[in-house]
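Asker: Spelled out from the first residue to the last, the chains are:
There are 2 protein chains.
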Amino acid sequence: MPRPVAFITGIAGFAGSWLAEELLGEGYKVFGSLYDNEPTDNIEILQRHLSLLPLDLTDAAQVAAVFKKTKPNYVFHLAAFSSVGKSFGAERLTYRINFEGTLNLLQALEHAPGLKKIVFTSSADAYGVFSPAGKTLTETQPVDPASPYGISKAAAELLCTYYFRRNGLPVTVARSFNHSGPRQVDSFVIPAFARQAAAIDLGRQKPVVKVGDLSARRDFSDVRDIVRGYRLMAEKGRPGRVYQLCSGKTVSIEQVLTTLLGFASKEVKITVDKSRLRKNDIPVLRGSNRRAVQELGFSIRYTLKQTLRDTFNFWKTTLSSGA
Amino acid sequence: MPRPVAFITGIAGFAGSWLAEELLGEGYKVFGSLYDNEPTDNIEILQRHLSLLPLDLTDAAQVAAVFKKTKPNYVFHLAAFSSVGKSFGAERLTYRINFEGTLNLLQALEHAPGLKKIVFTSSADAYGVFSPAGKTLTETQPVDPASPYGISKAAAELLCTYYFRRNGLPVTVARSFNHSGPRQVDSFVIPAFARQAAAIDLGRQKPVVKVGDLSARRDFSDVRDIVRGYRLMAEKGRPGRVYQLCSGKTVSIEQVLTTLLGFASKEVKITVDKSRLRKNDIPVLRGSNRRAVQELGFSIRYTLKQTLRDTFNFWKTTLSSGA
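Sequence order for the protein chains is A and B.
When we follow the working numbering, the leftmost residue of the first sequence carries the number 10, and every step to the right adds one.
When we follow the working numbering, the leftmost residue of the second sequence carries the number 10, and every step to the right adds one.
There could be a bad hint or two in this list.
The list treats identical chains as one, so a pair stands whether inside a single copy or across any two.
To be verified - Quick list of in silico lysine-lysine cross-link-like pairs, DSBU-like style, CA-CA up to 35 Å:
1) K215 with K275
2) K77 with K258
3) K278 with K314
4) K144 with K283
Hint data in this document are derived by calculation from the structure and do not stem from the laboratory.
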């Protein structure tokens with residue numbers, strides 16, 4: 010039997026690199042796309058097992074050509090303008106890449122021979138505002154996004170549903186909640202704190218960490234569990250259906266910080282930086298993974314502590330070897 | 010007191026022309042925009058009371074310049090790629106005009122001095138698929154659009170909500186249900202049948218009408234009631250809020266046809282054209298206008314019979330005077 014062929018857009022990104030590893034381990038032939046001059050550090054050790062192609066998602070003709078050439082059975086659409094925070098100042102670009110880029114991908118795959126499934130990676134940010142605060146979100150929660158990033162994902166989901174309905178394009182939508190782990194850029198909270206804990210441990214930073222409001226609670230998973238979820242969605246997900254990928258549990262940012270600082274070999278002082286004290290708009294973000302567990306056999310294998318330790322060690326290695 | 014200044018995008022369109030008349034009657038100074046080479050027949054009799062400007066909504070700089078020049082207190086955003094049917098074959102253009110065009114408008118008005126309200130005209134097509142079939146829709150119904158037009162409106166609504174939340178831009182969203190009346194183009198069902206009834210009455214068509222499935226029930230209003238609703242939203246609507254504009258009652262397409270053919274002076278034979286027999290995906294579409302009635306004082310003043318008669322007479326005049 011020939012190996013199933015997977016295509017990952019955004020393969021050199023954080024989740025993309027872990028998904029590539031997951032799929033290679035499961036026997037897939039893996040293609041992936043890179044945008045112009047994208048760094049490939051995340052997939053360096055895998056690179057000789059992968060077939061990489063340049064791709065500008067906003068160029069419809071190029072998107073069509075790439076799939077025509079590679080004929081994937083499974084497409085994992087991870088490439089995106091992925092920073093919620095930066096999306097506020099880059100609204101047009103966010104829509105161009107995340108909405109129009111997804112449109113280009115769906116149109117390119119509309120009559121693709123051999124295609125078995127498309128996994129579109131949306132986000133819990135599509136939900137945005139909801140009430141009551143603290144409720145456990147399920148897939149039936151109406152979206153009400155509060156950022157250009159959230160809008161772009163919610164709107165792209167509408168495209169996915171429409172392309173499925175229109176002619177049965179086998180696309181499933183993952184709404185993943187916060188996930189972290191080694192390789193995530195340190196504009197996200199866990200690597201930001203992990204990096205500081207590692208720097209303190211190495212004696213490269215004074216044992217002081219400045220923080221803002223730490224009370225927000227988030228549903229964190231390990232990126233390696235999330236990408237396994239993506240693979241399970243490709244293999245077993247029902248087309249036209251949304252699956253939340255999350256742990257179902259929440260933890261406060263304060264607890265995350267305390268755990269990470271506990272890995273450092275020194276006593277660390279936490280000081281409050283009032284300029285960072287803006288209360289988070291969404292105090293608690295928790296999802297149910299029930300549908301994914303029941304329909305896909307999804308499971309959480311990494312404890313948060315393991316994720317945090319691995320992320321801390323990743324930054325220790327990175328800081329030691331690098332600049 | 011100076012007259013309030015209104016700006017209508019799409020002023021020469023069907024609803025736009027009636028809104029211009031409504032606002033002039035209420036003492037507004039009225040600006041309006043036309044796209045390239047747009048016919049202005051609909052506003053011919055009003056033209057000397059209006060200030061018209063060319064505007065390509067997809068050109069952000071031009072949109073900004075137009076509002077800087079006219080400084081409206083009230084903006085009614087009606088310009089759109091407005092055909093659901095044609096949107097299937099013009100997906101990109103639909104998103105470009107309806108989504109990006111709305112983004113351009115919101116950004117242009119973000120810090121506009123003197124601005125009191127923006128009325129964004131969305132549509133019941135944003136709802137798309139819902140269950141159970143036949144339920145009466147309210148503003149809390151989650152959207153699940155089934156056409157590029159519906160997607161474009163649902164996505165543009167997300168922009169409106171976001172711009173309101175971000176810095177209080179006073180934008181309200183109208184979800185109008187089916188509305189008709191004189192001047193509507195005959196690709197829509199009521200003018201299509203009204204035109205045939207008028208042609209038969211004038212002896213210009215054999216007394217035979219070919220039909221498809223007529224069982225679908227729709228919530229029809231008169232365009233003159235709907236545009237009064239738009240004005241009430243500008244004057245009293247709460248920013249950040251959605252209002253359904255509709256009659257709250259449904260009628261079958263068959264009943265619409267029978268009424269229209271009853272205006273013709275001849276006996277008309279209805280024959281079923283099997284090629285048009287595709288069942289409508291949404292058998293019943295009915296909204297509640299309760300919120301608009303309670304919060305805006307919205308009311309339905311035109312009976313459906315009056316709307317149909319006026320539309321029939323419009324087509325008789327048009328066919329008699331024209332080709």
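Asker: What hints, given by number in increasing order, does this structure fail?
Answerer: Checked against the structure, the only hint that fails is number 2, while the rest are satisfied.
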